[in-house]
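Letter by letter, the chains look like this.
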Amino acid sequence: MDQHRLDRIRLLSSRFQELQGLRVAFAGIVIVIVVGAYLIAASAPTNNGAMIAVAGSIVLMVPGVWRLSRYYASAFGRQVWKPGRFTWLFLPAYFVVAWSLHAAIPSIPAGAPTVAIIVVVSAWVAIRDWPWRTYYLAAPVAVGIAFSFTASGGGVLSPHLTLAVLFLTIGGAFVPIGILDHMLLVKLMNEARISGSRPALTND
Amino acid sequence: MQTGLSEMPTPFENLANFNRLVHEPARLSILTALAACDKADFVFLRNITGLTKGNLSSHLTRLEEADLVEIEKVFEDKQPVTYISLTGQGRDALRDYWKRFDQVRKDLRELKPLRAT
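So the sequences go chain by chain: A and B. So in the working numbering, spot 127 of the first sequence is number 127, and the numbers just go up one at a time. So in the working numbering, spot 113 of the second sequence is number 113, and the numbers just go up one at a time.
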C-alpha cells in the first residue's frame, strides 16, 4: 500500500467533519447577506449592531447547515468524530482571553479577539494539514487586507464600521474556503474509489 | 557464545513477523480509517477505502472475528445503519504494526551492502 493512499485515508477520516465545506460556505453566505443587509438598512451602523446581525445570522444558518449535514451523510456516509482530550477547554479559554483583553485594553473593538482567533485557527489548519488545505491561508490574508484597509484608510472607513467590514470579509472568505474544502472531499473520495478498484485491495 | 547483537532480529525477520491480519492493504486501510475517528458507518468505510460491498464485508468479518473491530447495528431516522469501531485490541494491534514498520524502515536504512573481499 502506498503512502499517499494511507495519508489520504487518514486525512479523510480525521477531517471528514471539517471537509464538509458546503456548511461553511453556506454560513459565510448567510453572514454576508445579513451583515450586508444591516449595513444597507441601518442609517448609522455601529459595531454592536454588526455583532447583533452576526448573532441573527447564526439563527438563520441552523436549518441550512442541518440539511447539508444530511446531504453529506447520505452521499459519503456517517462518521462519529472523536474530540481531542482538551477540545472542551477551547471555548472557556477563549472567553477568559477575550475578557482579560477587554479588561486590560478597553479600546480593543468588541470582535477583535474573535477575529484574531479565526486568523490563528485558520493558519493552524493550513499548517496542520499541509499541503492539502493551504487555501486556509486565505482567511488570515483577508483579515490582514481588511485591517490594512481600515488602518490606512485615513478616515475613509468610519470606526463604527470596523466590525461590520471584518465580518463581511470573514463571511466572504468562508465561501471559497468552504467550497474548496468540499471540492477536496469530493476529489479525495473519487480518488479513493478509483484506487480501491485496483488489484492491490482485494480479498486475502 | 551468543552475543546480544546476534539475538536481535534482522529487518527481514521483523518483516516476516508482521501481523498479516493488519498488514493486508484493504484491512490496513480500514483500520487506519477507524483509528482516526470514534466510529464510522459501512457507507463511509466503503467510500473512503474504495472497496466493494462484498470485499469490505468479508474483511470486516475477519477483523471482527479477530476482535480488532466491533460492529454495531442501529436505526437512525428509521434507516438501518451499521457502525464499525476499533476495539482496544485493534488499536493496540495497529500501534504495534506501525512501531514494527518504522523499526523495519529504520533498520533497512541502516543496512550497508556487503563488500566482496
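Bear in mind the hints are in silico, worked out from the structure with no lab data behind them. Just so it is clear, CB atoms sit at the ideal spot from N, CA and C, and this is done for glycine as well. Any given hint could turn out to be false.
To be verified - Below, computed lysine-lysine pairings styled on BS3-like, alpha-carbon distance capped at 30 Å:
id, chain 1, residue 1, chain 2, residue 2
1, B, Lys-112, A, Lys-187
2, B, Lys-106, B, Lys-53
3, B, Lys-78, B, Lys-53
4, B, Lys-106, B, Lys-78
5, B, Lys-39, B, Lys-99
6, A, Lys-187, B, Lys-106
Said to hold, decoys possible - Listing some non-contacts, in silico: residues in chain B with all C-beta distances to chain A over 12 Å:
id, residue
7, Phe-12
8, Asn-14
9, Leu-34
10, Gln-79
11, Asp-96
12, Asp-107
13, Leu-108
14, Pro-113
What the hints assert, rightly or not - Some chain B residues flagged as far from chain A (calculated, every beta-carbon gap over 12 Å):
id, residue
15, Leu-15
16, Pro-25
17, Lys-39
18, Leu-45
19, Arg-46
20, Asp-67
21, Glu-76
22, Ser-85
23, Thr-87
24, Ala-93
25, Lys-99
26, Val-104
* Does the structure keep Lys-106/B and Lys-53/B at a Cα separation of 30 Å or less? -> It is violated: about 37 Å lies between the C-alpha atoms, which goes past 30 Å.
* Asked: Taking the closest pair, is the beta carbon of Val-104/B still more than 12 Å from chain A?
  -> Per Cβ check, Val-104/B is outside 12 Å of chain A; nearest 15 Å; holds.
* To do: Find the nearest Cβ of chain A to the Cβ of Phe-12/B and say whether that gap is larger than 12 Å.
  => holds, 19 Å
* Claimed clearance of chain A by Gln-79/B, with the beta carbon kept past 12 Å -> Non-interface label on Gln-79/B violated, nearest chain A Cβ at 9 Å vs cutoff 12 Å.
* Would you check the hint for Lys-187/A and Lys-106/B, treating anything up to 30 Å between C-alpha atoms as holding? => violated, 33 Å
* Report holds if the minimum CB distance from Arg-46/B to chain A is greater than 12 Å, and violated otherwise. => Not fine: 7 Å to the nearest Cβ puts Arg-46/B too close to chain A.
* **Given as non-interface: Leu-15/B, partner chain A, CB spacing beyond 12 Å** => It holds; Leu-15/B is separated from chain A by about 15 Å at its closest Cβ, greater than 12 Å.
* Just checking, Leu-45/B versus chain A, shortest CB gap more than 12 Å? -> violated, 7 Å
* **Hint consistency between Lys-112/B and Lys-187/A [alpha-carbon to alpha-carbon, up to 30 Å]** => Measuring from Cα to Cα gives roughly 41 Å; hence the hint is violated.
* Asked: Far enough from chain A: is every CB of that chain over 12 Å from the CB of Asp-107/B?
  -> With a cut-off of 12 Å, Asp-107/B remains clear of chain A, as the shortest Cβ separation is near 18 Å.
* **Whether Leu-108/B stays farther than 12 Å from all C-beta atoms of chain A, as the label says** => The claim holds: Leu-108/B sits with its nearest Cβ about 15 Å from chain A, beyond 12 Å.
* Asked: Is it the case that Asp-67/B keeps its Cβ farther than 12 Å from each residue Cβ in chain A?
  -> holds, 18 Å
In summary, the structure is inconsistent with hints 1, 2, 4, 6, 9, 10, 16, 17, 18, 19, 21, 22 from the numbered list given earlier, while agreeing with the others.
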